[in-house]
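Peer 1: Next come the chains, spelled out residue by residue.
Number of protein chains: 2
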Amino acid sequence: MRIAIDGMGGDNAPKAVIEGVVQGLKDFKDIEFYITGPEEVLKAELDKHEADLSRIKLINATEVISPNEHPVMAIRKKKDSSMVKALNLVKNKECDAIISAGSTGAFLGGSTLIVGRIKGIERPALAPIMPGKNGAFMVIDAGANVDCKPHYLVQFAKMGLIYFESVLNVKNPNVGLINIGEEEEKGNDLTKQAFKLLKEEDLNFVGNVEPREVPKGDVNVLVCDGFVGNTVLKMYEGVASTIFSLLKNEIMASSFTKIGGLFLKPVFKSLKKKFDYKEYGGAPFLGVDGICIKAHGSSDARAFKNAIRQAESFYSNGLIDKIKLSVKQEENN
Amino acid sequence: MRIAIDGMGGDNAPKAVIEGVVQGLKDFKDIEFYITGPEEVLKAELDKHEADLSRIKLINATEVISPNEHPVMAIRKKKDSSMVKALNLVKNKECDAIISAGSTGAFLGGSTLIVGRIKGIERPALAPIMPGKNGAFMVIDAGANVDCKPHYLVQFAKMGLIYFESVLNVKNPNVGLINIGEEEEKGNDLTKQAFKLLKEEDLNFVGNVEPREVPKGDVNVLVCDGFVGNTVLKMYEGVASTIFSLLKNEIMASSFTKIGGLFLKPVFKSLKKKFDYKEYGGAPFLGVDGICIKAHGSSDARAFKNAIRQAESFYSNGLIDKIKLSVKQEENN
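Residue numbers (full-length UniProt numbering), protein chains in the order written: chain A, 1 to 333; chain B, 1 to 333.
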C-alpha cells in the first residue's frame, strides 16, 4: 500500500507528521509513504530519526495552505501546496490513500474537487469516530454539508454502517438519527423526513437519538446534517476539556486535594485515554473515490500513526468498493 | 406578587413542588402562591410541612398532562389539567407568573396559546441559563423553534441581553451566534444571514462562537435556532454526566483509588455544584406576555425555590415591559 502524507498539515507539522510516519514504518512493513512538502525541511526532520528510507519518497511542494485561507480558493490557487500535491497523488493512483491534518475546509473541498465523488454518492461526508462510555461511535456528517436534504442522511447511514462493519469489525452495527426528541414526529423538517426514509430502508435503524444519549456510545452510527454534527463534535470536546481543566484547578487548590490527586493519577490517565479521539486516528471523508483521512489539526505522532493504521484497514477491507456496491444496489432498487 | 405553580408538573411532583413552595414562603414574604392540582393530594402534601397557609391558595385541577402526550392536543383537550389551569391564572391576570416542571412541549405551546405572545415578537424562545467555567450563559432558542428565520435570532439576542442586564445584573452583556466556524462566511444559510443582521444592530455582538467555546461562559447570550440550541443543551448534560459517571466507576474500582476519592470529596462536591443547572432556577420562555418559567423535569425542591427567586426578580425588574419597549423601538426604526 502507498499512502500520501501531507507533510505540512496541522499545528505540529512537519515534526509530528514525520514522527508518526517513522512509527508507521515500524508497524507496517508493506506501506510506502509519499510525503509532500519543502524537501529540505522534510529531509532535516527525517534526519533526526533512524528510519527505513527505502519506503519513503519525498515529493517537493513549496506552498502551504493555512486554516485561515478560503478553502476552495486555496485549493485552486496553491497548486504547489503540500495538500494539493498529496491529493493529486491519490487522484493519479500513485497512492492509495491520503492523510492530512491541514485545514479541514481545504481538505474536504480538495478531496471532492481533486479525488472526486463516488458515482451515485450525492454528498461525501466527514465521519469522525469518537470515544463513548460503552463504545466508539461515528458522527456523520460532522461538517462537510451544513445544509442537507433528507436522502443525503440515508446515504450517510449506509456509508457509516459499512465502515463500522468492515473497518471497526462490529457485527450488525446500528444507526440512529440525532434529534431533539425520541418520538418520530419530533424535530425539524429535515429530521422528520429523514426519519421516514431511514425507517423504510433495510437498516438496523434504532430511531431518534437525543444528544444527551450520544456520549454513551450505545449507537454506532449517528446521522445528522453537518451543522448539527459539527456542533455535537465541538460540544463533546468543549465540555470534556472544560470539566478536566476545572478538575485540575480544584485539585491543585490545596495540599489536601493534591494528595487525593496523586492517588487518582491512574484514574485520570485512564479517563483521559478513554476520551482521546487520537486513539481512533482521523476522520474518514466517506463518499469520495479514494481513501481520504482528515487527522485532527492538533494531531501528535501517535495520532498520525493511528491514522496510518486506519488507512491500512480501510484499504485492506476494500471499503471504497463496498460503498460502490451499495450505491449500485440503491440504483437497482 | 402572585405566582401560579403547576402542582403536578415534573418527575418529582407534587412532593418536590410543595417543598419548593414551602421554602419559597420563608424566603419571600410578599409572594402568594396559587398551586394547581387535585386539591386533596396537594393538601396532604402540604400537611407534612409547617407552612404559612395564608399565602397559599389551592386551585383544584383533576387532570395531569404527561410528557408523552401530543403537546398542543393535550393543552386543547385537558382544560382541567394543573398546567392549563395555572396558565389561565396568568392569562386572567390573577397571577403574575407561572412555574411548571411539566411537559416542555405542552408548556411552550400552552404559554403561546393561552398567555399569548408580546405584540411584535415573532417567536417566543426558550432561554435556559447554564453554568459555564467563567460565568453563566444563556442559550436562546433552546427548543421552541426548530426552524428559524434569520431575523428571529435578532429578537432572541435582544430579549436575552435584556434578561442578562435586568435579571442577572450583568452590565453591558455580550451576545454571540453559535456557529461551526469563527469567520463571518462560515455556517449554514441561517447563520450567514443572521450574522449580517446581528452585525447591523447596535448590540454588543462578538460574532460567531464555536460550540467548543460555549462551556467557557465568556459570552453571556448565545443565539441559535431551537434545534441547535437544544442539541447544545443536551450535549452539555450528556457529556458532563458521562464523565462524572465514568469518574465514579473508576474511583470505586480499587481501594487505592477509593482513598483518593475521599480526599477529593470537596472537589467533586464543588464541581457538581458548579455544573448544576438547578442553581439558576428554570428556563424563562421569553417573548410571551407573562412570566413563564419552565423548570427542569427532574427539579427538586431547591430547583423550585430557585425558580421562584428567578420569577420574583423577573417581575420586580419589569422585564416584560422592557421587552415591549424594545419591540416598539424596533418598529420605530
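Treat the hints as calculated values from the structure; they're not laboratory data. Quantities reported herein were computed from a predicted structural model and do not represent experimental measurements. Please note that a few of the clues may not be correct.
Note that identical chains are pooled: a pair holds if it fits in a single copy or bridges any two copies.
Stated by the list, open to error - Cut-off 25 Å, straight-line C-alpha distance, at most; resulting in silico cross-link-like pairs (SDA-like, lysine to any residue): (1) Lys192 x Asn317; (2) Lys79 x Asn134; (3) Lys133 x Pro71; (4) Lys272 x Glu250; (5) Lys269 x Ile56; (6) Lys265 x Ser241; (7) Lys186 x Asp11; (8) Lys199 x Glu122; (9) Lys248 x Asp218; (10) Lys199 x Asn88; (11) Lys79 x Gly318; (12) Lys196 x Ala301; (13) Lys328 x Arg302; (14) Lys265 x Leu197; (15) Lys196 x His70; (16) Lys216 x His296; (17) Lys258 x Lys273; (18) Lys133 x Met73; (19) Lys192 x Pro71; (20) Lys192 x Gln23; (21) Lys196 x Asn68; (22) Lys324 x Glu200; (23) Lys216 x Asn88.
Peer 1: A separate judgement is required for each hint: does it hold in the structure or not?
Peer 2: Each hint tested on the structure:
| no. | hint | in the structure |
| --- | --- | --- |
| 1 | Lys192 x Asn317 | neither (34 Å within a copy, 40 Å between copies) |
| 2 | Lys79 x Asn134 | neither (44 Å within a copy, 44 Å between copies) |
| 3 | Lys133 x Pro71 | neither (35 Å within a copy, 33 Å between copies) |
| 4 | Lys272 x Glu250 | both (17 Å within a copy, 12 Å between copies) |
| 5 | Lys269 x Ile56 | neither (34 Å within a copy, 53 Å between copies) |
| 6 | Lys265 x Ser241 | both (17 Å within a copy, 21 Å between copies) |
| 7 | Lys186 x Asp11 | between (41 Å within a copy, 21 Å between copies) |
| 8 | Lys199 x Glu122 | within (20 Å within a copy, 34 Å between copies) |
| 9 | Lys248 x Asp218 | between (29 Å within a copy, 19 Å between copies) |
| 10 | Lys199 x Asn88 | neither (39 Å within a copy, 40 Å between copies) |
| 11 | Lys79 x Gly318 | neither (30 Å within a copy, 61 Å between copies) |
| 12 | Lys196 x Ala301 | neither (43 Å within a copy, 41 Å between copies) |
| 13 | Lys328 x Arg302 | neither (37 Å within a copy, 59 Å between copies) |
| 14 | Lys265 x Leu197 | neither (48 Å within a copy, 49 Å between copies) |
| 15 | Lys196 x His70 | between (37 Å within a copy, 19 Å between copies) |
| 16 | Lys216 x His296 | both (22 Å within a copy, 21 Å between copies) |
| 17 | Lys258 x Lys273 | both (21 Å within a copy, 20 Å between copies) |
| 18 | Lys133 x Met73 | neither (40 Å within a copy, 38 Å between copies) |
| 19 | Lys192 x Pro71 | between (32 Å within a copy, 17 Å between copies) |
| 20 | Lys192 x Gln23 | neither (46 Å within a copy, 43 Å between copies) |
| 21 | Lys196 x Asn68 | between (39 Å within a copy, 20 Å between copies) |
| 22 | Lys324 x Glu200 | within (21 Å within a copy, 48 Å between copies) |
| 23 | Lys216 x Asn88 | neither (39 Å within a copy, 41 Å between copies) |
Consistency note: the structure conflicts with the earlier hints numbered 1, 2, 3, 5, 10, 11, 12, 13, 14, 18, 20, 23.
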